[in-house]
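Trainee: Sequence:
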Amino acid sequence: QKVALFRAIQLFNDGDYDTADEYFDIAIESPRDTSITARAIFWKAETNYLSNNFKEALTGFQQFKNMNASTLAENEFIDYNIAYSYFKLKDYNRAGDEFQSFVNSNPDDENKLNDAYLRLGDAYYVSSNYNKAITAYNRVINNKGIDRDYAHFQRAMSYGFIRKNNAKIDDFNAFLKAYPKSTLRDD
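Take the sequence shown: its letter number 35 is residue 61 in the working numbering, and every next letter is one higher.
Derived from the structure by calculation, the hints contain no laboratory data.
Positions of the beta carbon are idealized from the N, C-alpha and C atoms, including for glycine.
Take the hints with a grain of salt, since some may be wrong.
Computed list of lysine-lysine pairs in DSS-like fashion (alpha-carbon distance at most 30 angstroms, straight line) [what the hints assert, rightly or not]: (1) K170 <-> K207; (2) K81 <-> K138; (3) K194 <-> K158; (4) K116 <-> K81; (5) K138 <-> K114; (6) K190 <-> K207; (7) K170 <-> K138; (8) K158 <-> K190; (9) K116 <-> K158; (10) K194 <-> K207; (11) K116 <-> K190; (12) K158 <-> K207; (13) K91 <-> K28.
Estimated spans, in silico, between C-beta atoms of each pair [claimed, not checked]: (14) D196 <-> D44: 48 to 56 angstroms; (15) I52 <-> R120: 26 to 34 angstroms; (16) N132 <-> Q88: 17 to 25 angstroms; (17) A99 <-> L76: 12 to 20 angstroms; (18) I195 <-> K116: 25 to 33 angstroms; (19) N132 <-> D44: 36 to 44 angstroms; (20) S61 <-> K170: 34 to 42 angstroms; (21) K28 <-> N78: 26 to 34 angstroms; (22) N168 <-> N92: 31 to 39 angstroms.
Generate coordinates for the entire structure from the input sequences, incorporating the hints supplied.
Mentor: What follows is the structure in structure tokens.
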């Protein structure tokens, strides 16, 4: 089981997802050690995600989460992975719930936290919950995170959808001053 898992991870790292998937199955179907089984389930889900099999990825990530594998390193970002799976499946309400769960867990990884707030804002934006979208985008802007210009642009758009047109105009003017090289300026 352990050999199959490590071979699968090696193949995964080499980008050979189809063969890695076969070895993950071997590790899962030979359940001798629950932590190895859990890791194989996680990495099989990750393989499915990277192969654009988002439904299968979601199932795997949820199965891993239900295994109570809190001591494994893979557990640190499980809510993030589940959230992205829902996001890719266009289930924005569930994605928003999972991104919120992730940010509530106070992760140490600032880049993932920033990205989670961006996707949380996007999930709320697509679901027409513009006030919550503004709050999420504000976190990125105030924390001076990556893609701050995108968050600022989306926040200004959100103001328009809640009929705060003066705030939208002011925010777009502030956007133009703050991000002179942004690719969103033309928009």
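Trainee: Compare the structure with each hint and give your call.
Mentor: Hint-by-hint comparison with the structure:
1. K170 <-> K207: holds, 16 angstroms
2. K81 <-> K138: Status holds; Cα separation ~22 angstroms.
3. K194 <-> K158: The given pair, whose Cα atoms are some 16 angstroms apart, holds under the 30 angstroms limit.
4. K116 <-> K81: It holds: about 11 angstroms lies between the C-alpha atoms, which stays within 30 angstroms.
5. K138 <-> K114: holds, 17 angstroms
6. K190 <-> K207: Status holds; Cα separation ~26 angstroms.
7. K170 <-> K138: holds, 14 angstroms
8. K158 <-> K190: holds, 15 angstroms
9. K116 <-> K158: holds, 18 angstroms
10. K194 <-> K207: holds, 20 angstroms
11. K116 <-> K190: Answer holds: K116 to K190 is near 27 angstroms, not above 30 angstroms.
12. K158 <-> K207: Holds - the C-alpha atoms of K207 and K158 are around 28 angstroms apart, at most 30 angstroms.
13. K91 <-> K28: holds, 20 angstroms
14. D196 <-> D44: 48 to 56 angstroms: holds, 52 angstroms
15. I52 <-> R120: 26 to 34 angstroms: The hint (26 to 34 angstroms, Cβ to Cβ) holds, given that I52 and R120 are roughly 31 angstroms apart.
16. N132 <-> Q88: 17 to 25 angstroms: At roughly 22 angstroms between Cβ atoms, Q88 and N132 fall inside 17 to 25 angstroms, so the hint holds.
17. A99 <-> L76: 12 to 20 angstroms: holds, 18 angstroms
18. I195 <-> K116: 25 to 33 angstroms: holds, 31 angstroms
19. N132 <-> D44: 36 to 44 angstroms: holds, 37 angstroms
20. S61 <-> K170: 34 to 42 angstroms: holds, 39 angstroms
21. K28 <-> N78: 26 to 34 angstroms: holds, 29 angstroms
22. N168 <-> N92: 31 to 39 angstroms: holds, 35 angstroms
Going through the hint list in order, the structure satisfies each hint without exception.
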